[in-house]
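From the two separate chains plus the hints, produce the assembled complex.
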Amino acid sequence: MPDYRGPLPVPTPETRAYWEAARRHALEVPRCRGCGHRFFYPRAACPRCLSGDLEWVRASGRGTLHTFTVVHRGLRDFPLGTPYVIAVVELEEGPRLMTNLVGVEPDPARLRIGMPVEVVFEDVTAEIALPRFRPAT
Amino acid sequence: MTRGGRDLRGRVAIVGVAESDEMGRLPHKSAFALHAEAARNALADAGLEKDDVDAVFTAGLWMASEAAEYMGLKPRYVDGTQIGGCSFIAHVEHAMAAIAAGLCEVALITHGESGASRVAMPGTRFGPDSFRLQFEAPFGLAGPPTGYALAAARHMHEFGTTSEQLAEVAVATRKWAALNPRALMREPLTVDEVLASRMISWPLRLLDCCLVTDAGGAVVLTSAERARDLRKRPVYVLGTGEASTHVMVSQMPDFARWEAARLSGERAFAMAGVGPADVDVAMLYDAFTIVPIMALEALGFCQPGEGGPFVAGQRTAPGGDFPMNTNGGGLSYTHTGMYGIFTLIEAARQLRGECDARQVADCRLAICHGLGGMFSAAATLLASTEV
Numbered sequence: 001m002p003d004y005r006g007p008l009p010v011p012t013p014e015t016r017a018y019w020e021a022a023r024r025h026a027l028e029v030p031r032c033r034g035c036g037h038r039f040f041y042p043r044a045a046c047p048r049c050l051s052g053d054l055e056w057v058r059a060s061g062r063g064t065l066h067t068f069t070v071v072h073r074g075l076r077d078f079p080l081g082t083p084y085v086i087a088v089v090e091l092e093e094g095p096r097l098m099t100n101l102v103g104v105e106p107d108p109a110r111l112r113i114g115m116p117v118e119v120v121f122e123d124v125t126a127e128i129a130l131p132r133f134r135p136a137t
Numbered sequence: 001m002t003r004g005g006r007d008l009r010g011r012v013a014i015v016g017v018a019e020s021d022e023m024g025r026l027p028h029k030s031a032f033a034l035h036a037e038a039a040r041n042a043l044a045d046a047g048l049e050k051d052d053v054d055a056v057f058t059a060g061l062w063m064a065s066e067a068a069e070y071m072g073l074k075p076r077y078v079d080g081t082q083i084g085g086c087s088f089i090a091h092v093e094h095a096m097a098a099i100a101a102g103l104c105e106v107a108l109i110t111h112g113e114s115g116a117s118r119v120a121m122p123g124t125r126f127g128p129d130s131f132r133l134q135f136e137a138p139f140g141l142a143g144p145p146t147g148y149a150l151a152a153a154r155h156m157h158e159f160g161t162t163s164e165q166l167a168e169v170a171v172a173t174r175k176w177a178a179l180n181p182r183a184l185m186r187e188p189l190t191v192d193e194v195l196a197s198r199m200i201s202w203p204l205r206l207l208d209c210c211l212v213t214d215a216g217g218a219v220v221l222t223s224a225e226r227a228r229d230l231r232k233r234p235v236y237v238l239g240t241g242e243a244s245t246h247v248m249v250s251q252m253p254d255f256a257r258w259e260a261a262r263l264s265g266e267r268a269f270a271m272a273g274v275g276p277a278d279v280d281v282a283m284l285y286d287a288f289t290i291v292p293i294m295a296l297e298a299l300g301f302c303q304p305g306e307g308g309p310f311v312a313g314q315r316t317a318p319g320g321d322f323p324m325n326t327n328g329g330g331l332s333y334t335h336t337g338m339y340g341i342f343t344l345i346e347a348a349r350q351l352r353g354e355c356d357a358r359q360v361a362d363c364r365l366a367i368c369h370g371l372g373g374m375f376s377a378a379a380t381l382l383a384s385t386e387v
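Residue numbers (my numbering), protein chains in the order written: chain Y, 1 to 137; chain W, 1 to 387.
Isolated chain W (complex conformation) (with noise of 0.2 Å):
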């Protein structure tokens, strides 16, 4: 019988965190760059070299080990685990027990992707005999918001949930962005603007919809004994969990409940020995307004179908008692395309107290949580300055 994990809480800690110099839309960088940019960034921010470093982990479409040769790293331990957007967010678990096993022991996650741009991206490896080219492509899928708006008009109809509800999560996100100087988007937003933006896949509208930028993002790891004596507060690792139950969107188990994070955050919360009233900020992956409102109730902090009602009044907004998505998200700070290391990012900043006008008072315990595909995968991670 698996243990859950639990001799790995607070082994590992965060020591470096960091985005890319410049964030957005950057036809004069590659993805790879973006990598390099974020992964410098992040030993700076660790108070780290280059060569401290003996475990890369990534995600994308090509093999991990490009990012390392890029960046001229010879890594002892590579993992390219790749469940999509939250696989960053795996990466910490995967990088937790490595260092745990005493098989390397500083670990970089990175992240460089070209989502808007396109530059030195990889192509599609679907090829027209694919179970997705047979089965969803001759019935005209169109990309992730055609895919998630079937979850979101299922939970519409069986919970009720409105678009005035799925707007709230947008409205409020936007001013978490008003407050992030490297926010893409940081105009005022209103639920009747949301709800005026161009129709896409009904029922989701423009702006229920991520942004695609380029960018980077890096976070360094190592073990909570190296990690004290580094130039940052270490940001210990107390619970992780991940999960994947699909992977094309008509595979879904229930396209109203997500299982693949509820089964990421029990994992995560049971290793942790905390619960959801404990959480101080959360950090959950917005690729569409219907997303978090999902997680929210498959981690627990609400009832199944209460998603919506839950995040009314903006509740998620700056003032309001439930802080979510400081950085302003995947709908306006930013989203390459894999947005899962972001959250990583901004909770850390969080747990140390840099995030300045956007700064949660009395930040203890951060969860992050991660989509992949289309619900198909999830991870969670729960992270505190305190063991």
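Bound conformation, chain Y alone (with noise of 0.2 Å):
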């Protein structure tokens, strides 16, 4: 955990319970108590209907792969090391997020959009934990 050179998240207002729940290995996504929206990211807004009456609900944290990228020449020093799979997770609830898809070689052709995915919470210093994905068992 110490040492870890990869970019990390400095949270705002609107997203630090999110992240909170991150530390814990929770994904809370918000949902608008107006229309019901569940969106991603955090925003203090929803941007269907521009509610502020927001709440933040537990998610699955079962999704699927919506698409991805292989790639070759990365982010400087990027913790994973290149090759590495930046995916698209479209989550049972609904929203999408940006993550790592892990746990499986970074070749296109083992990989399917489509493929049940699952969160899986890396502890990279003692604040964050970022969701990356995978293969769902």
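Don't read these hints as lab results, they were simulated from the structure. Beta carbons are placed, not taken as given, at the ideal position from N, Cα and C, and that holds for glycine. Some hints here could point you the wrong way.
Stated by the list, open to error - Computed beta-carbon distance windows for the label pairs:
| no. | chain 1 | residue 1 | chain 2 | residue 2 | range |
| --- | --- | --- | --- | --- | --- |
| 1 | Y | 114 | W | 228 | 56 to 64 Å |
| 2 | Y | 52 | W | 127 | 18 to 26 Å |
| 3 | W | 306 | Y | 125 | 46 to 54 Å |
What the hints assert, rightly or not - Stretch by stretch, here's where chain Y covers chain W in the computed footprint (C-beta under 8 Å, at least three residues):
| no. | region |
| --- | --- |
| 4 | 138-147 |
| 5 | 196-202 |
Printed below as a string of structure tokens:
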């Protein structure tokens, strides 16, 4: 855990609860009490109806691989090492988020858009756990 | 209810266009020097003087007024709309509205970017608590290729688009570049060479990616009335459209369908009162080979998913039936980082018949289409020497 060299998020007021949940290895997404819309990334206003009446809901952590890329020329010193997989995952609850696909060969021939995936948190510092995803067991 | 700008059709014209004196890798020139060269050359092309300019439009991470200061301009109208590389095409729409409203008369749209050498360029504006740094950077998003690859992969998955079809775009564009003395990359290129180039971010290879250069470009616009008295044949703005749907690639509404491009195109075609079949030459922003493929679909030149087959068989190359990016594009001519101004320059030259070896015959209607961010914004322009 010490000496993690990748980019780290610095939470803002509207995202702090998300990152605190992640530290407990819980994936939470905001839901609008006004229109029911669940969205990502966290905002202080619903991007569908602009309501500020929001709540956090626990996501199952399961979803599908919506799209991905295998990065060969990537971020310098990125801890996953090249090649690594950047994925967009569509959660069961609807929202999509950017993540890494781990626990699988970074080979496009072995990855399939639509495949089921599940969250796996990586504690990268004492404060931050990053939600990465792996093929669902 | 908006009239979609139909009252503006043909009210203003592009009267001067130019690049900077030099283009390529220019560590001896600042971004602002490139602005000034391009502006000077575009004004000369128009037969106008510096003091004729009363409006300045530019995009970047600076204040728009900094380019004006460098050139000693004191504009009454400044627009620094920054929606990425297509900003300069959107500026045409903004300038058109301002000129038609009588708020200004001669608009200078100017671009100078030291994209490769980074001389006098601003730093990044994104702090560690920005949403990009919170929700994308921790997963290793490393600049444009990784983001565009996410769309390319989804397009391939949904529609069966192939790496060979992507390569067709790079090869056809290189053939145009070979006909343009100002293009940086003019050596012949084959599909096999594109496919053999090193993988950057699957499915995008090195030769699917645009150049990174230093250059400037500028466009001068004025009212149709004043344009008729100037040096060159006026290039009338018949239709414009812009749209913005998101900024971060992870927020892209549909990774296989480019919504901002579709919206901007519908608006431009409606204003101009023409359709895709009427277009004689197309300048479609090619930051990556997948981009013009998705633009062709979004703008209605083909159906969603048909962009790959559309470009096959070198259809967009010299001699093909769909001349596209006749300057050699961002892939082979120049790409500073915000390429949009160069689509306007080449379209004006094609419509005036100034393109020598690469001139498209009977070129009456041109489309310029630009990209901003990660398929985030788009701007479309239709122009002609005939109203």
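If I claimed the Cβ atoms of residue 306 (chain W) and residue 125 (chain Y) lie 46 to 54 Å apart, would that claim hold in this structure? holds (48 Å)
Falls inside 56 to 64 Å, the C-beta gap from residue 114 (chain Y) to residue 228 (chain W)? With a Cβ separation near 58 Å, residue 114 (chain Y) and residue 228 (chain W) satisfy 56 to 64 Å, so the hint holds.
Taking beta carbons only, do three or more residues of the region 138-147 of chain W come closer than 8 Å to chain Y? Holds, because 7 residues of the region 138-147 of chain W bring their Cβ atoms closer than 8 Å to Cβ atoms of chain Y.
Do the Cβ positions of residue 52 (chain Y) and residue 127 (chain W) conform to the proposed distance bound of 18 to 26 Å? holds (24 Å)
Are there three or more residues in the region 196-202 of chain W whose C-beta lies within less than 8 Å of some C-beta in chain Y? holds (count 5)
Of the numbered hints stated above, none is contradicted by the structure.
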